[in-house]
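Participant: Listed here are the chains, written in short residue letters.
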Amino acid sequence: MAECFELPAELTIYTAAEVRQLLLTWLGEQEAGGTEVAAIGASGVNDIDGAGLQLLGALSQTLAHQAMAWHFRNPSNALIEACQTLGSAAWLLPTSGAGAAA
Amino acid sequence: MSADAGADIDQSFIAEALPAFVSEAREQLGAMEQLLLELEQDPGNRELLDALFRCAHTVKGSAGIFGLHKIVAFTHHVETLLDQVREGAITLAPALGTLLLRCNDQILHLVDTASGPDADTSAHAEARADLVTELHAVMGDPQTTPASPAGATTTAATAGAGASASARWLISARFGTECFRNGMDPLSIVRYLGTLGSIVAISCDQSAIPLLQVLDPESCNLSVELTLETTATRQTIEGAFSFVKDDCELRLVEPAAPLEHYARLLDAMPDRPLLGEILVKIGAITQAQLDAGLRTQHGTHPAPGAPSLRLGDVLQQQTGLAPEVVAAALQKQNKASAAPAPDDSRRRHQPARRAGDRRRRRGAAGAPDAPGRAGRGQPADDAADRGNS
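Going down the list, the sequences are from chains A and B.
Position 81 (the first sequence) corresponds to 81 in the numbering used here; numbering is contiguous.
Position 87 (the second sequence) corresponds to 189 in the numbering used here; numbering is contiguous.
Next comes chain A alone, as it looks inside the complex (with noise of 0.2 angstroms):
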């Protein structure tokens, strides 16, 4: 079981539906291993736009909603550059947790 989900270098719409698919699989294994926080691994991010951070948005969500903690770990100048661009640098934080992400 993987500790750290490793985002994809391209994070974009033509990738959204696959690392969706990618991360509800993670996300129930980590459930299940009682996971108290998640890690995002975001070193290898070049390319992301808005539906990337859509798809970022949704699992924040989605680990508030679990009252999971999570953060990224290394994010990229590229991931970090449009977090703060639309309104998400909240995110960058050393950790979201169920208040700081929801």
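Don't take each hint at face value.
[Stated by the list, open to error] Reference excerpt, derived from the structure (chain A facing chain B, CB under 8 angstroms, subset only):
hint : residue
1    : Ala9
2    : Thr35
3    : Val37
[Said to hold, decoys possible] With beta-carbon atoms standing in for the labels, derived distance ranges:
hint : chain 1 : residue 1 : chain 2 : residue 2 : range
4    : A       : Glu6      : B       : Gly401    : 43 to 51 angstroms
5    : A       : Ala90     : B       : Ser224    : 48 to 56 angstroms
6    : B       : Ser268    : A       : Leu92     : 46 to 54 angstroms
7    : A       : Asn74     : B       : Phe345    : 45 to 53 angstroms
8    : A       : Ala89     : B       : His171    : 47 to 55 angstroms
9    : B       : Ser321    : A       : Ala89     : 19 to 27 angstroms
10   : A       : Gly41     : B       : Asp152    : 22 to 30 angstroms
11   : A       : Gly41     : B       : Ser125    : 50 to 58 angstroms
12   : A       : Glu29     : B       : Asp152    : 51 to 59 angstroms
13   : A       : Asn74     : B       : Tyr294    : 27 to 35 angstroms
14   : B       : Val316    : A       : Gly33     : 17 to 25 angstroms
Source of the hints: derived by calculation from the structure; they are not laboratory data.
Given the structure is predicted, the values throughout are model-derived calculations rather than measurements.
Just so it is clear, CB atoms sit at the ideal spot from N, CA and C, and this is done for glycine as well.
Based on the hints, put chain B in the right spot on chain A.
Facilitator: Okay, now just chain B, sitting in the frame of chain A:
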């Protein structure tokens, strides 16, 4: 695309396809000239104005494919102005028509010298710079010197906005579900907004995004609120959303615009008894917002006996317009309605749709440009009267 994009493009492709571009661009420019001449007789004709805008847009777009950055850069200014003209913010006065014909000549020159850029002399470049200054003077852009306003009649609102310092706009955009699938990206739109000034705050409504389990990742649920500090006009800001305007709920509020600003503009206006037109003319809302408000008002059928929707209320709800501004405009409207037939030869009205309108329009009969915006299909008189009298 960078200014030097031409260097990145396969030169053999350019050599092969450039003649086709030159030929097509000449056709478009010929059509623009013809349209400008026709508009001299019918300056408010929306179909002609739309066609004119499309021609400029096509030339710019095709030139961009070839990395012809001089054509793109210069035509962009013309296109921006034409957009404001077709939105009703600027009137196509004869002097402006002449200015646009001169711009047309310059674009034609650039097209003709596309294959041999050396033929474009510094004198031509200076002439274009002067034309750009004139275009921006017409648009009321504070960043250029309004040396020669080209005799165009700019609305008081545009002039007022141009003269003021930067304002803080509160922008709220709920992007439609088809946004992604139509190839549009809210992230790019926000980035572009950032180039118009400074985004001092932005937040994305996370609660509008469904849980992962039920998310359709290709449907857009994004919704942002941001504060933009800019000297840009409402039209320019709205322009950032032009590609998604049919699929986006957009509200623009200019908190920095005090009531006195609008009151001053209202006082300076000739009497115009139509609420919607008043609000557009003073720049409190755009023509597009008025059109949307009128569609809502017309599309709503209240129960028998219930009061019909008031246009002012609809506009307040849809655009975030301050109630005080609506009240001031209504006051203006009512004052004008109570007065004898207004002597306002500048009025540009829709064809009368009701007997009441015809009666009310007596004062404008005989005005040379009275039916100016025929073809726009917007029953402004009808709606404003019903909603607010």
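Participant: Now look at each hint and say whether the structure bears it out.
Facilitator: How the hints compare with the structure:
1. Ala9: violated, 17 angstroms
2. Thr35: At 15 angstroms from the nearest chain B Cβ, Thr35(A) fails the 8 angstroms test, so the hint is violated.
3. Val37: violated, 18 angstroms
4. Glu6(A) to Gly401(B): 43 to 51 angstroms: Given about 49 angstroms between the Cβ atoms, the range holds.
5. Ala90(A) to Ser224(B): 48 to 56 angstroms: holds, 52 angstroms
6. Ser268(B) to Leu92(A): 46 to 54 angstroms: violated, 28 angstroms
7. Asn74(A) to Phe345(B): 45 to 53 angstroms: With a Cβ separation near 34 angstroms, Asn74(A) and Phe345(B) fall outside 45 to 53 angstroms, so the hint is violated.
8. Ala89(A) to His171(B): 47 to 55 angstroms: At 34 angstroms between Cβs, range violated.
9. Ser321(B) to Ala89(A): 19 to 27 angstroms: holds, 24 angstroms
10. Gly41(A) to Asp152(B): 22 to 30 angstroms: Distance hint for Gly41(A), Asp152(B) is violated at roughly 50 angstroms.
11. Gly41(A) to Ser125(B): 50 to 58 angstroms: holds, 53 angstroms
12. Glu29(A) to Asp152(B): 51 to 59 angstroms: holds, 56 angstroms
13. Asn74(A) to Tyr294(B): 27 to 35 angstroms: holds, 29 angstroms
14. Val316(B) to Gly33(A): 17 to 25 angstroms: holds, 23 angstroms
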